[in-house]
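Number of protein chains: 4
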Amino acid sequence: MARKLRIIRQKSRDDSGFGSNASGRFINKDGFSNVQRKGVNIFNRFSWYHTMLNLPSFRFISYLILGYVAINLVFALIYYLIGVEHLTGIDQSTPLNEFIDVFFFSSQTFTTVGYGRIAPVGFLASLVATFEAFLGLLAFAIATGLFYGRFSRPRAFLVFSKNALIAPYQDVTALMFRLAPFKNNALTDGEVILTAAIEINENGVPKSNFYRLNVELAKINSLSLNWTIVHKIDEDSPFFGFTKEDFQDPETDIEIMVQIRAFDEVFANTVVQKTSYINSEIIYGAKFIKMYESSDDHKTTILDLSKIDAYEKVNI
Amino acid sequence: MARKLRIIRQKSRDDSGFGSNASGRFINKDGFSNVQRKGVNIFNRFSWYHTMLNLPSFRFISYLILGYVAINLVFALIYYLIGVEHLTGIDQSTPLNEFIDVFFFSSQTFTTVGYGRIAPVGFLASLVATFEAFLGLLAFAIATGLFYGRFSRPRAFLVFSKNALIAPYQDVTALMFRLAPFKNNALTDGEVILTAAIEINENGVPKSNFYRLNVELAKINSLSLNWTIVHKIDEDSPFFGFTKEDFQDPETDIEIMVQIRAFDEVFANTVVQKTSYINSEIIYGAKFIKMYESSDDHKTTILDLSKIDAYEKVNI
Amino acid sequence: MARKLRIIRQKSRDDSGFGSNASGRFINKDGFSNVQRKGVNIFNRFSWYHTMLNLPSFRFISYLILGYVAINLVFALIYYLIGVEHLTGIDQSTPLNEFIDVFFFSSQTFTTVGYGRIAPVGFLASLVATFEAFLGLLAFAIATGLFYGRFSRPRAFLVFSKNALIAPYQDVTALMFRLAPFKNNALTDGEVILTAAIEINENGVPKSNFYRLNVELAKINSLSLNWTIVHKIDEDSPFFGFTKEDFQDPETDIEIMVQIRAFDEVFANTVVQKTSYINSEIIYGAKFIKMYESSDDHKTTILDLSKIDAYEKVNI
Amino acid sequence: MARKLRIIRQKSRDDSGFGSNASGRFINKDGFSNVQRKGVNIFNRFSWYHTMLNLPSFRFISYLILGYVAINLVFALIYYLIGVEHLTGIDQSTPLNEFIDVFFFSSQTFTTVGYGRIAPVGFLASLVATFEAFLGLLAFAIATGLFYGRFSRPRAFLVFSKNALIAPYQDVTALMFRLAPFKNNALTDGEVILTAAIEINENGVPKSNFYRLNVELAKINSLSLNWTIVHKIDEDSPFFGFTKEDFQDPETDIEIMVQIRAFDEVFANTVVQKTSYINSEIIYGAKFIKMYESSDDHKTTILDLSKIDAYEKVNI
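Protein chains in written order, with numbering that gives the first Met the number 0: chain H, 0 to 315; chain P, 0 to 315; chain G, 0 to 315; chain A, 0 to 315.
I should point out that these hints are in silico values taken from the structure, not numbers from a laboratory.
Among the hints, a few may not be true.
[To be verified] Derived DEER-like restraints, expressed as beta-carbon distance ranges:
| # | chain 1 | residue 1 | chain 2 | residue 2 | range |
| --- | --- | --- | --- | --- | --- |
| 1 | A | ASP296 | P | ARG58 | 31 to 41 Å |
| 2 | P | GLU190 | G | GLU201 | 22 to 32 Å |
| 3 | H | ASP14 | G | ILE41 | 33 to 43 Å |
| 4 | A | PHE57 | G | PHE45 | 38 to 48 Å |
[What the hints assert, rightly or not] Heads up, simulated BS3-like pairs for lysine-lysine below, C-alpha to C-alpha not over 25 Å straight-line:
| # | chain 1 | residue 1 | chain 2 | residue 2 |
| --- | --- | --- | --- | --- |
| 5 | H | LYS306 | P | LYS298 |
| 6 | A | LYS243 | A | LYS206 |
| 7 | P | LYS306 | H | LYS28 |
| 8 | G | LYS286 | A | LYS206 |
| 9 | H | LYS312 | H | LYS243 |
| 10 | H | LYS37 | A | LYS161 |
C-beta: ideal position from N, C-alpha, C; glycine also.
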């Protein structure tokens, strides 16, 4: 491999944002950079808003419910310590019943439902309730913002083929993968930026080089069907002359970093999605199977997303 | 027609986002792509947020009301099963009255109005009410987001002429259609991308070719009056040499795909609107009638949107 | 004037978005197009959201309060017609007192405050209250969206000089006006597009011609101080050779249309602001007085916005 | 220094947005322009929304709480003046207890918790409560908007090195500083604009000149690790020929103004961040110490943000 790499004519580029001494996969499959940060405290390291926006729905809802229960437990304890005699209508039969009732009083205050069957009468209990109702409203103001932020967050909703394939193309070969929008969003003006990272050993020290890859159809008018990204491996490609063995050499890290950018018409916003392919995800000698076809009545086109990964072997 | 098509000099473009084997109209009149997706489950196929944003207002409100009634019925049933003795102030005269009262208790909890005439006393009823009030607030947080998403969604509010016309233009002919903003929004920096799809039969197999069409005035500074998009049918046009019969041949699919992009000053956002014209919507030998005029006092200009489709026949 | 206009070398442009037969001022002083629309019904003609966003704050708040009172009056009437016996705690001493109490019950329901002193007991009253509380929450969901839409709406917050001046500049003259940001927002990457509309009489028919005007400094890095837009009246200008009389000829409509575009760093959004200058706002033989100066301690720069319109006469 | 400046070959640019007579630092360390405005009244000078968005979290929350207490005090006073006999359930033992109870009644109304233990009975008290509940909902509508505006505000979250360094670079020297994203946001397509302001004395009058500085790598694909901005001090640089003394001359103001622009993938928005370096922040003869390294298992890259300012002395 090293022999091959020594003959790459293209100059390594410095504008990838990754350094030549960085290591590991650069872009994770989900599109996030594979970089750890240290030297910042935890409050500054995370944007909690970015974090909440990226949480899966189920965990997001779970956190909201847990937060709700926790806050009510804390306030229930405070009311309990202040004394149930400062609340009307408490069932004082047992301490547990007392606690249950102050817990429900707390929740009725926090949600501002305020039935009034239990109500504060003393100064302290009233003061805490005043504060809790205020906090409740702020909490729901924040929750409203989070919900809106989550579902209004512009996303491309693209699915990528699991593998990149190397197939004959025109008179040479080409590396190709494909992607398709899987939701009822409407993307226009798609464009792709393709960067290859190749790690070579220079005198025993691993060093990453970065190359911009040419794409046959780097811009597309509308992202309605699948889009097959084709990088022709000709003399302008850093992979020119690479054999099957070169692509599969376990000692060499090849990574194809993909950045798709498009305009979503419903969000009226530019959306970006990233992914990458590493050695083990590149298949030498395969081509994709068509994933769309005319409907039987020839009135529309059917895109079969279950075929996104489908390929067949070809000889090179 | 096939004869004509064989003489189109322009190279078909691949960047339309539609494949040569796709069939049917590509862009529906409302601007959405005519593509069906399969192979994804229903949860992934739809972005429910995109769906809610595109619903007509009436259906959106109806869904909200139906959801409200349904949730209250479910909770009413739960309270009823728990037992009305765990709620104070229930009219226990008949089972129906009991159910009616728990239904209203549920709605008073869900909306957090909480009069307190009916209030939970037992553990179970209190617990359910605690959860329902929480759910109510989350539901209204989501509704707030949906309302805001719906009306803050940047849209171009353009109306297009129903037909594209072919009229004499300079020394040749031109295909033209027009559009106008119909609301009190303010659009600047309009631009149009015009693509033609022509389906020909190659050895009995239908195959679509795509051509970018030149536009006489492809960018406009301000979208205040109507904008007439003119594609001159000269040697650079794929339609060069087409006769009336060619345009009206029922066996050939011609589709003019239109994409308008502008900047909305109030939303401070780029907006995109699409539409298309197919054979039956192209009129050969017609020109538009002027749709704006000076006001009588010459102080302003009046745009008559009811004339957007108005044309008169001309000889070519 | 007509004589002068006949000698304008520049070709009139068609991309202004205004037609040559349009009349009156094209862009109002506030930046909106001076176009009236007809032929659309009132529901389609206005985007109520755009309208609410452009309302002055005072009127916006007034509308909210009026709406609140109106809704409560309507619901009070409904409760009154249903019968006050379906509400507990009503002061039944006089019909007026009854109505007052149902009005307040309505407001306590609509805002979901629900004290419970007055509460519904019958089926009908409960049903209406259920619906009113729901409506209340939706109304406040919409209000939340409107408030957020209003204050998050990206605006440039620029103030323009009342007049455009014509002053000696280099070896010729120049038309100039200035603008400055008046709020604590942060604008970068400003750019200006300047278009002149000149209406001439061709055989008794008024016809508007449009010209793009060159600007000495059409892009600016940061909009921190005032920005003086200078259009040099040289051979490339349509105003080349114009005399004071030409500019002041009441029979000719000259309009300088201004479009400023910049990036607001706090909103992280592109903002656009427009205005225009007509004959009567162009002063021949005047130049602006400096409107910023160093602070006394030379530590900062002071921009005096009250001087934005200040000019002094000069001879040309 | 003046001698040096007289030999700067580059033409001063006018598009910096700052005037040659402006004084003091132009861009503060936090990126805001160092300009004071006068001649506008206080309501117009501040965009309260921009102000609220830029407040530190702690002060923002404090303002909300203070506002809440203040509003309740005002309304408590109004209810007290109307007379506690118009409210049910008030503890009338002492005037203080009366006031405390009306205060809590106010808060229960403002937050719409409305227990009902205290409830209005007279016309006036009911009317005020009706208005207060309405105001409460509007206030929380505004708070919701502010919260959302605050956390959805697209920001770059970049940290800059405290100093700019001048170090040997290729065959000459270069001015360099670095920056890194410190949060879990994902920035792509970074670009930098670098402007130098140099104040010279022309016949005793200070005059600022502005120069655009070339950057070795002015665009970057992805902002994952640190980005070192390098301005080569060659013949195209205004600093060509500057000695250590020139850079440290206390009588000359040098300011390097930095503007970074990138695309945030989570916010799907362009973000801008600015800063500047003045004489005292430029260190002659120093270079940065590497701030990232491979993880021990070579699976990822670790960025140590605590080293952002770390440099070591070098000889020039």
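**Prompt:** Hint by hint, which ones does the structure fall short of?
**Reply:** Numbers 1, 3, 5 and 7 - these are the hints that the structure violates, sorted from lowest upward.
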